[in-house]
Amino acid sequence: DAGITQSPRHKVTETGTPVTLRCHQTENHRYMYWYRQDPGHGLRLIHYSYGVKDTDKGEVSDGYSVSRSKTEDFLLTLESATSSQTSVYFCAISETGVATNEKLFFGSGTQLSVL
Amino acid sequence: QKEVEQNSGPLSVPEGAIASLNCTYSDRVSQSFFWYRQYSGKSPELIMSIYSNGDKEDGRFTAQLNKASQYVSLLIRDSQPSDSATYLCAVNPGNQFYFGTGTSLTVIP
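Quick mapping for you: the protein sequence lines, in order, are chains A and B.
All you need for this note's numbering is the position in the first sequence, starting with 1, plus 100.
All you need for this note's numbering is the position in the second sequence, starting with 1, plus 326.
To be clear, the hints were calculated from the coordinates, so they are not data collected in a lab.
Glycine included, C-beta positions come from ideal geometry on N, C-alpha and C.
Mixed in with the good hints, there may be bad ones.
What the hints assert, rightly or not - Incomplete in silico selection of chain A near chain B, CB under 10 Å:
| hint | residue |
| --- | --- |
| 1 | His141 |
| 2 | Leu145 |
| 3 | Tyr148 |
| 4 | Gly151 |
| 5 | Tyr164 |
| 6 | Ser194 |
| 7 | Lys203 |
| 8 | Gly209 |
| 9 | Gln211 |
To be verified - In silico lysine to aspartate or glutamate, EDC-like type, Cα no more than 20 Å apart, as pairs:
| hint | chain 1 | residue 1 | chain 2 | residue 2 |
| --- | --- | --- | --- | --- |
| 10 | A | Lys111 | A | Glu179 |
| 11 | A | Lys203 | B | Glu383 |
| 12 | A | Lys203 | A | Asp162 |
| 13 | A | Lys170 | A | Asp138 |
| 14 | B | Lys393 | A | Glu202 |
| 15 | A | Lys153 | A | Glu127 |
| 16 | A | Lys153 | A | Asp173 |
| 17 | A | Lys203 | B | Asp384 |
| 18 | A | Lys157 | B | Asp404 |
| 19 | B | Lys382 | A | Glu202 |
| 20 | A | Lys203 | B | Asp404 |
| 21 | A | Lys203 | B | Glu329 |
| 22 | A | Lys203 | B | Asp381 |
| 23 | B | Lys393 | B | Glu371 |
Chain B extracted, bound-state conformation:
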C-alpha cells in the first residue's frame, strides 16, 4: 500500500467552479500535510500546509484535514484557467516527506 494515494485524474472543472482534490494516507502518526502545485515542466510549489483537524483557508484555497479518516483535501474556489496544473499531496509522519503521484486539474474557460 502506498503511503499517499491520490486520484490521478484528470479532473476537469469549468471556470468559476469549485475544484475538489482528495488525498488519503496510510501512516496514522502523520502530523504535517501539504499541497503542492506543479505546472507542466516546472518544479513543485508549496501552496498550502495544514497540521490540525479542520479547515484552513488561504485566499481561494481551503485545505481540509481529517486525521481520524486519514484524508486531506484541497478545495479551489472560483477556479481559473491558471489553476490548471498537477496538485501533489505530501505527508510527513515525522521521518520524511511522502508524496502522492498527483492529480491533474484542468480548468475549462
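Same shape as in the complex, but just chain A:
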C-alpha cells in the first residue's frame, strides 16, 4: 500500500465519543487525504493537507477535523461520533497534489462503526 499505514484497522465506538484515526506515510509525499467510502456514494473527500499545518476541507467535512504536525502523519478526528459516520475511511497520498498526471495511492483503510 505504497508505504501508507492506517490505524486502527477496525474501531467500534459509541455515539458522542471522540475518535481519532491516524495515517502514517513513509513516502515523504506532500499531499495527504482522508476519504470515506459508503455504498452508493463511492469515495468522498473529507479533508486534505498540502503540507505541515496546511489543511483544507473536502466535500463532506462537517463533523470532522484534521491535523498534520509532521509530513508523515495526518490525523482525522471525529469530535463527537454519530451513527452517520459509520463508514470505511481511507487515507491517500500524492506527491504533488492534484496537478495533471498526479496519482493517488491509498492506505489499507479503517472500518469505523458508531453504535
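Chain A is fixed; fit chain B onto it per the hints.
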C-alpha cells in the same frame, strides 16, 4: 448530476472472455483519468491511468479515452477469476479527484 457515473453491475463474464467497463464524466476540463481495482474489504489499487485520447495498453488491460464524448473505458482481456473485484473510475479536472461508485465484476471459471 454526479461527476463520474459508472454502471454498478454486477457484470459477469466467463473466464477467458473480454470484460468491458465503462465510465462517463461531466466536467469537460478533466485531463486525468484513472482506473482502480478494489477487492472486497481491501483498499483501491491503481491499475491504469490515461491522459490522452485513444487507447493505452498495459498487459491484459486497455484503457480507452474519448474526451469529446466524455467517457473512459477499461477492457480486460483473457479475464481471470482473480480479476473479480469492483473497478472504480476516477477523474481529475484539476482541483480534486472524483470517483465513481464502481462496477462489480465477477469472472466465472
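Hints, one by one, checked against the model:
no.: 1; hint: His141; in the structure: holds (7 Å)
no.: 2; hint: Leu145; in the structure: holds (6 Å)
no.: 3; hint: Tyr148; in the structure: holds (8 Å)
no.: 4; hint: Gly151; in the structure: violated (16 Å)
no.: 5; hint: Tyr164; in the structure: violated (16 Å)
no.: 6; hint: Ser194; in the structure: holds (9 Å)
no.: 7; hint: Lys203; in the structure: holds (6 Å)
no.: 8; hint: Gly209; in the structure: holds (5 Å)
no.: 9; hint: Gln211; in the structure: holds (9 Å)
no.: 10; hint: Lys111/A <-> Glu179/A; in the structure: holds (15 Å)
no.: 11; hint: Lys203/A <-> Glu383/B; in the structure: holds (18 Å)
no.: 12; hint: Lys203/A <-> Asp162/A; in the structure: violated (26 Å)
no.: 13; hint: Lys170/A <-> Asp138/A; in the structure: violated (29 Å)
no.: 14; hint: Lys393/B <-> Glu202/A; in the structure: holds (18 Å)
no.: 15; hint: Lys153/A <-> Glu127/A; in the structure: holds (18 Å)
no.: 16; hint: Lys153/A <-> Asp173/A; in the structure: holds (11 Å)
no.: 17; hint: Lys203/A <-> Asp384/B; in the structure: holds (17 Å)
no.: 18; hint: Lys157/A <-> Asp404/B; in the structure: violated (42 Å)
no.: 19; hint: Lys382/B <-> Glu202/A; in the structure: holds (17 Å)
no.: 20; hint: Lys203/A <-> Asp404/B; in the structure: violated (27 Å)
no.: 21; hint: Lys203/A <-> Glu329/B; in the structure: holds (18 Å)
no.: 22; hint: Lys203/A <-> Asp381/B; in the structure: holds (19 Å)
no.: 23; hint: Lys393/B <-> Glu371/B; in the structure: violated (24 Å)
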